[in-house]
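*Asks:* Heads up: the protein sequence lines correspond to chains P and C, in order.
For what it's worth, this note's numbering labels the leading residue of the first sequence as 8, then goes sequentially.
For what it's worth, this note's numbering labels the leading residue of the second sequence as 3, then goes sequentially.
Calculated directly from the structure, the hints in this document are not laboratory data.
You may find that some hints are simply not true.
[To be verified] Here are the simulated BS3-like pairs of lysine-lysine, each with C-alpha atoms no more than 30 Å apart in a straight line: (1) C:Lys89 / P:Lys45; (2) C:Lys89 / P:Lys68; (3) C:Lys70 / P:Lys45; (4) P:Lys10 / C:Lys129.
[To be verified] Beta-carbon label-pair distances, calculated as ranges: (5) P:Lys68 / C:Glu77: 29 to 35 Å; (6) C:Tyr105 / P:Leu25: 16 to 22 Å; (7) P:Asn179 / C:Tyr105: 29 to 35 Å; (8) P:Pro112 / C:Glu33: 26 to 32 Å; (9) P:Pro16 / C:Gln130: 17 to 23 Å; (10) P:Pro58 / C:Leu114: 55 to 61 Å.
Note that the Cβ used here is the ideal one computed from N, Cα and C, for glycine as well.
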Amino acid sequence: MRKVLFYAPLALFLVLALFLLSGLFSDPRERESASLNKALPDFALADLMQPQHIWTAEQLKGQTFLLNVWGTWCPTCNAELGYLSELRAMGVKIVGLYYELPRDPAFDAPFDLAVLQQDVTQKLAQHGDPYQFNILDLERSLALDLGVSGAPETFIVDADGIVRAHHIGDINPQVWRTKLAPLYQQWSQP
Amino acid sequence: MKQLITSILSLLLLFGATLLQADEILSFDNEAERQLYQQLTAELRCPQCQNQNIADSNAIVAVDMRQKTYQLVREGHDRAQVLDYMKNRYGDFVHYQPPFNRYTLWLWLAPLLLLTGLAGVGLYRRKQQLPLANDTQQQGLDTELDQLIERYRSKKP
Numbered sequence: 008m009r010k011v012l013f014y015a016p017l018a019l020f021l022v023l024a025l026f027l028l029s030g031l032f033s034d035p036r037e038r039e040s041a042s043l044n045k046a047l048p049d050f051a052l053a054d055l056m057q058p059q060h061i062w063t064a065e066q067l068k069g070q071t072f073l074l075n076v077w078g079t080w081c082p083t084c085n086a087e088l089g090y091l092s093e094l095r096a097m098g099v100k101i102v103g104l105y106y107e108l109p110r111d112p113a114f115d116a117p118f119d120l121a122v123l124q125q126d127v128t129q130k131l132a133q134h135g136d137p138y139q140f141n142i143l144d145l146e147r148s149l150a151l152d153l154g155v156s157g158a159p160e161t162f163i164v165d166a167d168g169i170v171r172a173h174h175i176g177d178i179n180p181q182v183w184r185t186k187l188a189p190l191y192q193q194w195s196q197p
Numbered sequence: 003m004k005q006l007i008t009s010i011l012s013l014l015l016l017f018g019a020t021l022l023q024a025d026e027i028l029s030f031d032n033e034a035e036r037q038l039y040q041q042l043t044a045e046l047r048c049p050q051c052q053n054q055n056i057a058d059s060n061a062i063v064a065v066d067m068r069q070k071t072y073q074l075v076r077e078g079h080d081r082a083q084v085l086d087y088m089k090n091r092y093g094d095f096v097h098y099q100p101p102f103n104r105y106t107l108w109l110w111l112a113p114l115l116l117l118t119g120l121a122g123v124g125l126y127r128r129k130q131q132l133p134l135a136n137d138t139q140q141q142g143l144d145t146e147l148d149q150l151i152e153r154y155r156s157k158k159p
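Using the sequences plus the hints, can you model the full thing?
*Replies:* Printed below as a string of structure tokens:
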């Protein structure tokens with residue numbers, strides 16, 4: 008018993024040190040999304056380029072795809088466009104959820120779809136266009152329902168419209184290889 | 003010079019005034035709704051920024067969540083309903099008060115275990131020390147000490 012008591016402080020210290028050490032390498036922004044393994048929330052949002060077309064959750068069923076939350080205002084999103092385009096070329100279906108910034112009526116010009124379309128077309132021509140189509144989330148309502156905290160974020164949605172994975176931050180070759188590709192493979196199996 | 007300072011100061015005041023006006027001005031039906039809104043925005047955590055509540059943060063998502071909270075409160079939802087709404091979307095992370103479940107069990111259990119452990123060690127050590135006082139060895143030492151004191155006193159003139 009004396010020996011046990013003698014080594015107890017050392018043991019406590021080691022446990023604490025290990026605990027704190029693991030904290031050094033953990034990502035404080037990493038957390039499990041509440042949307043995981045739930046169906047996409049119901050929505051009816053216009054296509055960014057063809058606003059007369061309204062997308063609903065039902066229309067997105069049938070094939071596993073990446074739902075990529077992005078905006079031209081977000082530098083990290085622009086940076087990942089190139090690699091996402093490569094993924095598209097490899098046969099990955101990517102749908103954009105355009106995350107529009109809120110407008111302050113006192114300072115900002117009112118929303119103009121034509122200006123946004125021009126901006127998007129220019130950015131996609133510059134960096135690459137990974138998207139089959141873009142859904143315009145003007146009020147960020149679908150983003151709120153999905154628990155999006157900012158851009159870029161990406162969800163993997165399976166053929167039945169169930170959200171299967173969530174990634175905060177950009178997609179680069181390493182993230183794709185180690186984290187998202189296995190999940191994408193897993194949930195694309197028929 | 004004085005005039006310049008006055009004009010700069012008045013300009014600053016002017017800008018300050020417009021900035022204040024740009025802040026959110028929300029109207030509520032009654033004081034209870036206002037308090038509920040203030041309480042909720044103070045309790046809900048911004049998912050984008052580290053350790054800020056949504057009342058404090060101007061991140062896009064915090065602004066949206068404030069708006070949603072305002073809308074839900076105005077629609078007559080109570081505290082639990084608004085919290086559920088947010089937790090369904092952003093997880094338990096979004097509320098500053100952690101729920102009691104199998105992941106957070108240790109938050110409550112660890113201090114209790116530590117206290118009982120400390121009390122246990124304390125009791126054990128007391129038990130060890132008490133019989134030591136009645137030890138024959140200790141008694142021997144005591145008599146030896148008495149003798150030494152006696153000898154020292156008898157040497158004194």
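*Asks:* Hint by hint, note whether the structure agrees.
*Replies:* Each hint tested on the structure:
Of the supplied pair hints, the one linking Lys89 of chain C and Lys45 of chain P holds, its CA atoms being roughly 14 Å apart against a limit of 30 Å. A distance of roughly 26 Å separates the Cα atoms of Lys89 of chain C and Lys68 of chain P; the hinted pair therefore holds under the 30 Å criterion. Distance check on the hinted pair: Lys70 of chain C and Lys45 of chain P sit about 21 Å apart at the alpha-carbon level, within 30 Å; holds. Among the hinted pairs, Lys10 of chain P with Lys129 of chain C is consistent with the structure: their alpha-carbon atoms are about 17 Å apart, no more than 30 Å.
At about 31 Å, the beta-carbon gap between Lys68 of chain P and Glu77 of chain C stays in the expected band of 29 to 35 Å. The supplied range of 16 to 22 Å is met by Tyr105 of chain C and Leu25 of chain P, whose beta-carbon atoms lie about 19 Å from each other. Between Asn179 of chain P and Tyr105 of chain C the Cβ separation comes to about 30 Å, which falls inside the hinted range of 29 to 35 Å. Here the CB-CB span from Pro112 of chain P to Glu33 of chain C is close to 28 Å, well matched to the stated 26 to 32 Å.
Here the CB-CB span from Pro16 of chain P to Gln130 of chain C is close to 18 Å, well matched to the stated 17 to 23 Å. Take Pro58 of chain P and Leu114 of chain C: their Cβ atoms lie about 59 Å apart, and the range 55 to 61 Å holds.
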